[in-house]
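Participant: Read off the chains here:
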Amino acid sequence: MVEDAARLMAHVRSKDAAAFEALYDGYHRLVYGVAMRMLNDVAAAEDVTQAVFLKIWSAPQLFQGGNFAGWLVRMTRNRALDLLRSKSYRQEELPQTEPAGEMLEDAAFAHIDADLVRSALAQLPAEQRDLIELGFFGGVTHEEMSRRTGIPLGTIKTRIRAGLRKLRGTLQEAVAV
Amino acid sequence: MTAHDAMLDDVAVYALGAMTAADAARVEEHLRTCAQCRSEYAQLRPTIGALAYAAESCPDETQGAIVAGPLLKARIMREIRRDAAAPPAANVAEMRAVRPIVWPAYAVAAACLAIALFNGIINISLNDQVRQSRTEVAQVATQNRRLLQELAHQRVALADLVAPDSEHYAVDHGEVVRHGKRLYLAMDAMPPPPKGKVYQAWTLHRGATRMSPSVTFVPNPKGVAVIPIPVDASSVAAVAVSVEPDGGSKQPTSTPTFVLKLSS
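Chains as they are written, first to last, in the working numbering: chain A, 1 to 177; chain S, 1 to 264.
Bound conformation, chain S alone (with noise of 0.2 Å):
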C-alpha cells in the first residue's frame, strides 16, 4: 500500500465522521490539494448520507422500531406555532430600515393617551361584561336551586299522595290529603277564578274561632293543582278552600267552594 492509499484510507474515515479534529483537519488540509482524494470523498459522501436511512424509526412498532413520542411533536408545533404568529423580528428590522419615520414627542405621547384612553374604555366595557355575566350566572345559580327545591317538594307530594297510610278527604273537584303533619289539597278539573281571582286555601286551627288565611293558587289549563299547605296538619280542625281578588284576603270574601272538617 502507498502513502496515497493510506491517505485515501484516511479520507474514508473521514467521510464517515469518524476522525478527531486534528486528524481531520490533516485530511482537510490534503483534500485541498489532491483531486483523487477529493473524488473519493465525493462519491463516499453520499453514501454516508444514506446510511443513516438504516436508522430511521418506523411508525410501526410491531416492527421492532422506536418512533419518537407522540407528544414530541405537538410540543415542537406548539414553539412554532407560537413563533409564527408574532412578526417576524427580521422584517421588524427590515421595515424600520425602510422607513426611518421619527415621531415627534407629542405625538408619541398621544399616541400614548389615545391608546390608554382606548384600553380603559375597553377595560370598562369588559368589567361590565364580566358583572353581568356573574350576576347571570348566580341568577341562573338561584333558580337552579328553586327548580331543585320544588322538584325535591314534589317528589315529597307524590310520596305524601301515594302514602298507604295518608288520609283522604273528598272535596269538590278533588280531595285533602293528610300525611302525617303534611297537608294537601289535590284538586282536578278545577273551574279556573274568574278573572282578576284567585283560589284561597283558608285554615281553622284547633281551638281557634276564625279561619287563617293561606296559599293563593290558580290550577292549571286541565284544573289540576297540587297545593302543599304550609301548617302543622296535626294543629288544623278544618280546611277551606274560597274564590279571593289576586293576592289573596285576610279573611273570605266569598261563600267557600267547600269547608272540609278534618278528623283529629
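So here's chain A without its partners, still in its complex pose (with noise of 0.2 Å):
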C-alpha cells in the first residue's frame, strides 16, 4: 500500500481525481478514525477528514516520501489538535503539533492492520496503555495525565514509554510472521 500511495500521489500531483479518489478509498477511514476518536463529534471528525484530504489535492508536494499512512495520521492528529484549540474545548494546555514534513515513520508498519494494533493494545497492561492512548488520540499531555490520574509524572512517562517498546515488539512479531 506505501508503493500504491506513492504512485497515487505522483499522480494526485498533477491533479488526477482519479487517483486522489482512490486514496480517499484507502485512507479516509483512517483518517476518520482518528479525528473521531480524538473529537468525539462527527461533524468535527468529518471536517476534519475533509481539511487533511483537501489539503492532500491542494499541497501534494508535502508528502516527500515514507510511509504515507503515517504521515496522514499525523496531519489529522495535528488538524483535530488544533481544532481543540480553535474550539477551547479544553481549559488545559494542549500537546504541542509535530511537523508535518518529519518522514521518520519507517515501511516496517506499512501493511499493518487495524485488527492486529488493537490485538497488540489488548496485551498491553492496562495502567501502559490507557495512557498511550491518552496520550495519542486524547491530545492529552503527560502533566495532565498526571493531574487526572494523581500518578506522579516520572511514572506516566516510564509506563508511556514502556507500553511503546512492548508495543513495537508485538507488532514486530506480527509483522514478522
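Just so you know, not all the hints are guaranteed correct.
Stated by the list, open to error - Result set (DSS-like, lysine-lysine): computed pairs, CA atoms no more than 25 Å apart in a straight line:
#	chain 1	residue 1	chain 2	residue 2
1	S	Lys181	S	Lys261
2	S	Lys73	A	Lys55
3	S	Lys250	A	Lys15
4	S	Lys222	S	Lys197
5	S	Lys261	S	Lys195
6	S	Lys181	S	Lys222
Bear in mind the hints are in silico, worked out from the structure with no lab data behind them.
Each chain sits in its own coordinate frame; assemble them with the hints.
Facilitator: Below you can see the structure in the form of C-alpha cells.
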C-alpha cells in the first residue's frame, strides 16, 4: 500500500482526480477514525477528514515519500489538535503539533491492519495502554495525565515508554509472522 | 534511574505527541546532540504511526465502528473535480514565465471585439433556439389539450351511445343517436365519398322550413364515423346527410343519403 500511495500521490500532483479518489477510498477510514477518536464529534471529525484530504489535493508536495499512512495520521492529529484549540474545548494546554515534514515512520508497519494493532494494544497492561491512548487519541499531555490520575509525572513517562516498547515488540513479531 | 534514563522516557512521551510545546522544544534540543535518544525516537516513532490504525473506522457498522457519512466523499470529490477541471494556477504561472508575450493594445482590442462578436452571434443563436423550443413546447401543449378534449368528447360520446335511455334511429349505414340534448351520427360500413367530396350533416330545427348546414365528415377506411352534431338535440326535428363538395355547402347540392325525422 505504501508503494501504491506513493504512486497515487505522484498522480495527484498532476491533478488526477481519479488517483485522489483511490487514495480517499484507501485511507479515509484511517483519517476519520483518528479524528473521531480524538474529537468524539461526527461533524468535527468529518470537517477534519475533509480538511486533510483537501490539503493532500492542494499541497501534495508536502508528502516527500516514506510511510504515507504515518504522514496522513500526523496531519490528521495536528488538524484535530488545532480544532480542539480553536474551539477551546479544554482549558489545559494541549500537546504541540508535530512537524508535517517529518518522515521518520519507516515502512516496517506499512502493511499493518487495524485488528493487529488493536490486538497488540490489548496485550498491554491497562496502566500502560490507557496512558498511551490518552496521549495519542486524547490529545492529553503527560502533565495533564498526571493531574487527572494522580500518578507521579515520572511514573507516567516510564509507563508510556514501557508500553510503547512492548507495543513495538508485539507488532514486530506480528509483522514478521 | 539516571538522568539520561529520564530523558529516554521524555523521548517516548515526545514521540507519542503528548508534550506541551515547551517540553517538546527541550526534548528536540536534546535529540540534536544525543545519538542514543535519536535512536530511541527512531525506533518508537513507527509504533506511534501504527497506533493510529487502532482507530481506523470499519466499513461495517455492525462491528461497532463508526464510519464517515456517505455524503462526505461526495462533498470532497465535488471540490476536487471542480478544481481538477480548472487549469492549475501554478501551470498558468509557468506558461507565462516561459513565454512572456506582450500583446499590442490594438491586438487585444481586436481580440476582445472578436470575442464580443462571437459571443453575440452565439447569444443570438441561443435566443433563437430558446424561442423555437418555447414555440414547440407551446404547440405540443396545445396539441395535448386538443387530444385530451377529443378524448373527453369521445368518452362522453361513448357513454351517450351505450346509455340505456338513449334513442337510436336506424338509417342507411348506421344510426342517429339522441341522448338528452346531444345528437350523434354513428355510421358503419359507410362508402367513402367521391373524390373531392365529403359527407355533410343537416339539421332541421323545430318550426324551421329549411335545413341548416352542420358538420362535414369522412368515415374511416372501414366506413366508421361517430359524429357529434353540435346542436341542442331537443330543438331538432330532423337530421339529414348528403354528399357535398369538400368544405361543405350552405344548402344541400345533392340528394340526401337519408333524411330522418326525430320524434318530439
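Participant: Check the structure against each numbered hint from earlier and tell me which ones fail, lowest number first.
Facilitator: 3, 5 and 6
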